[in-house]
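Undergrad: Residue numbers (my numbering): 352 to 538.
Mixed in with the good hints, there may be bad ones.
[To be verified] Have a look at the derived ranges for each label pair, beta carbon to beta carbon:
1) 458 x 501: 36 to 46 Å
2) 443 x 420: 33 to 43 Å
3) 502 x 458: 16 to 26 Å
4) 501 x 448: 19 to 29 Å
5) 393 x 518: 30 to 40 Å
6) 377 x 416: 31 to 41 Å
7) 379 x 460: 25 to 35 Å
8) 437 x 416: 31 to 41 Å
9) 372 x 420: 39 to 49 Å
10) 442 x 364: 17 to 27 Å
11) 420 x 441: 15 to 25 Å
If you are wondering where the hints come from, they were derived from the structure by calculation, not from laboratory data.
We put the CB at the ideal spot given by N, CA and C, even for glycine.
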Amino acid sequence: MNAESVYSVSRLTVHLAGEHETDAHIGLTLIPLLKIPTAMIEFRHPTGALVWWEGWCEALAMLDRIFPEQVDAGALREPELTINSFVILDDAPRRARIRARSAAVSPDGIGALSVTVGGLTIACASRAAVECQVRGWGEAYEVLALDGGFGLPSAEEVAAGVRADHARLGAAELLRAAEEQRSVRSW
352 MNAESVYSVS RLTVHLAGEH ETDAHIGLTL IPLLKIPTAM IEFRHPTGAL VWWEGWCEAL
412 AMLDRIFPEQ VDAGALREPE LTINSFVILD DAPRRARIRA RSAAVSPDGI GALSVTVGGL
472 TIACASRAAV ECQVRGWGEA YEVLALDGGF GLPSAEEVAA GVRADHARLG AAELLRAAEE
532 QRSVRSW
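Work out the full structure, taking the sequences as your base and the hints as a guide.
TA: And the structure:
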């Protein structure tokens, strides 16, 4: 009998529509934790925390284009089953993927902004949800950067670097994506 190794990647998407609580703190095992609705995230690798924080800084740079004003995302249907997940960030991913969809091209008329690293995606359907996530991930990153002794830059230094990159590269990238969306819709 030939035993082969099987590799599997878990995927989890957390959908958030409005204002919500986040809580960043050091857990009982002295590892930084971030609690968001339906998930508890444990940071075991400093690079993973840095990549997530960079991703939320990039999402924040797009916030005014995607959600130009505070629009109510509407009442979400209560799920029959609430899934509470415990996620361990123990790898060193290279980059976060940020997906943005303006209200103009959204099927429900409400924009969406999500950050994905590895198999975890946090998707926000309102300006308030994005702002809460930015605040939570910034606090979690600061907890790790200040407490971990890893020599990480401060949260504000990371945010300033992302803003500088976005100012230099991001605007052209967003315009190119908008043009592509328009050309697809004009067919």
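Undergrad: Could you run down the list of hints and mark each one as holding or not?
TA: Structure-based check of all given hints:
1. 458 x 501: 36 to 46 Å: Holds: the Cβ-Cβ distance is about 42 Å, inside 36 to 46 Å.
2. 443 x 420: 33 to 43 Å: Check passed, 38 Å falls within 33 to 43 Å.
3. 502 x 458: 16 to 26 Å: Violated: the Cβ-Cβ distance is about 45 Å, outside 16 to 26 Å.
4. 501 x 448: 19 to 29 Å: holds, 24 Å
5. 393 x 518: 30 to 40 Å: 33 Å Cβ-Cβ, so the 30 to 40 Å window holds.
6. 377 x 416: 31 to 41 Å: Check passed, 36 Å falls within 31 to 41 Å.
7. 379 x 460: 25 to 35 Å: Cβ of residue 379 to Cβ of residue 460: about 44 Å, so the range 25 to 35 Å is violated.
8. 437 x 416: 31 to 41 Å: holds, 34 Å
9. 372 x 420: 39 to 49 Å: Roughly 23 Å apart at Cβ, these two residues miss the hinted range, so it is violated.
10. 442 x 364: 17 to 27 Å: holds, 18 Å
11. 420 x 441: 15 to 25 Å: violated, 39 Å
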